[in-house]
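Please build the complete structure, drawing on both the sequences and the hints.
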Amino acid sequence: MTTLSKGDNAPNFEAKDQDGNTITLADYKGKKLVVFFYPKASTPGCTAEACNLKDNYQTFQSKGYEILGVSADSPKRQQNFKNKYELPYPLLADEDKKVIEAFGVWGPKKFMGKEYDGIHRTTFVIDEKGVIEEVISKVKTKDHAAQIL
Numbered sequence: 001m002t003t004l005s006k007g008d009n010a011p012n013f014e015a016k017d018q019d020g021n022t023i024t025l026a027d028y029k030g031k032k033l034v035v036f037f038y039p040k041a042s043t044p045g046c047t048a049e050a051c052n053l054k055d056n057y058q059t060f061q062s063k064g065y066e067i068l069g070v071s072a073d074s075p076k077r078q079q080n081f082k083n084k085y086e087l088p089y090p091l092l093a094d095e096d097k098k099v100i101e102a103f104g105v106w107g108p109k110k111f112m113g114k115e116y117d118g119i120h121r122t123t124f125v126i127d128e129k130g131v132i133e134e135v136i137s138k139v140k141t142k143d144h145a146a147q148i149l
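Mapping the sequence shown onto UniProt numbering, position 80 (from 1) lands on 80, and the numbers just tick up by one.
Heads up, a few of these hints could be off.
To be verified - Within a straight-line C-alpha distance of at most 27 Å, the following computed DSSO-like cross-link-like pairs (lysine-lysine) qualify:
{"hint": "1", "residue 1": "Lys40", "residue 2": "Lys140"}
{"hint": "2", "residue 1": "Lys84", "residue 2": "Lys129"}
{"hint": "3", "residue 1": "Lys32", "residue 2": "Lys129"}
{"hint": "4", "residue 1": "Lys40", "residue 2": "Lys110"}
As the list claims (entries may be wrong) - Simulated restraints on C-beta separations:
{"hint": "5", "residue 1": "Gly7", "residue 2": "Asp143", "range": "24 to 30 Å"}
{"hint": "6", "residue 1": "Glu95", "residue 2": "Leu149", "range": "26 to 32 Å"}
{"hint": "7", "residue 1": "Ile136", "residue 2": "Lys31", "range": "16 to 22 Å"}
Source of the hints: derived by calculation from the structure; they are not laboratory data. Note that the Cβ used here is the ideal one computed from N, Cα and C, for glycine as well.
Have a look at this one:
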């Protein structure tokens with residue numbers, strides 16, 4: 001779905017997190033960053049993915065990675081999701097879909113025979129200079145950390 005690939009510069013972005021703080025790509029300069037896009041907070045697949053990353057958070061940190069979750073949910077929904085599952089990383093509330101569209105993960109999907117537009121579950125691994133190291137489009141929600149690490 002996305003037109004971004006390994007070796008591309010990650011799009012510059014700016015969006016508010018669950019607490020209303022502005023987060024930008026520049027905030028992560030000099031750090032490795034995992035940006036995971038998910039369709040909807042607190043749904044089974046998204047919860048499994050977010051909790052798998054949480055369960056491996058110390059490993060990510062020890063290898064120099066920061067993690068950032070992104071969906072089109074409201075800040076309140078993101079805050080509830082983060083609090084309920086004690087997620088240790090920020091969640092962007094990208095309601096206007098600027099970050100989602102910049103990364104090219106919005107588009108037609110099929111579910112139970114119906115077509116609709118939505119977020120394609122995709123993860124981007126970005127290096128310290130803002131270059132995409134890896135794009136994971138076939139996300140295994142229950143074992144996602146192993147796909148990245």
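Structure-based check of all given hints:
1. The hinted pair formed by Lys40 and Lys140 meets the criterion: a straight-line CA distance of about 16 Å does not exceed 27 Å.
2. The suggested pairing of Lys84 with Lys129 is violated, with an alpha-carbon distance near 33 Å, which exceeds 27 Å.
3. For the hint linking Lys32 to Lys129, the alpha-carbon distance of about 8 Å falls within 27 Å, and the restraint holds.
4. Only pairs whose Cα atoms come within 27 Å are accepted, and Lys40 paired with Lys110 is accepted, the gap being roughly 15 Å.
5. Gly7 and Asp143 have their C-beta atoms about 26 Å apart, which keeps the hinted 24 to 30 Å range intact.
6. Taking the beta carbon of each, Glu95 and Leu149 are about 31 Å apart, inside 26 to 32 Å as hinted.
7. At roughly 19 Å, the beta-carbon separation of Ile136 and Lys31 lies within the given 16 to 22 Å, and the hint holds.
Hint check: a violation occurs at hint 2 only; the rest are consistent with the structure.
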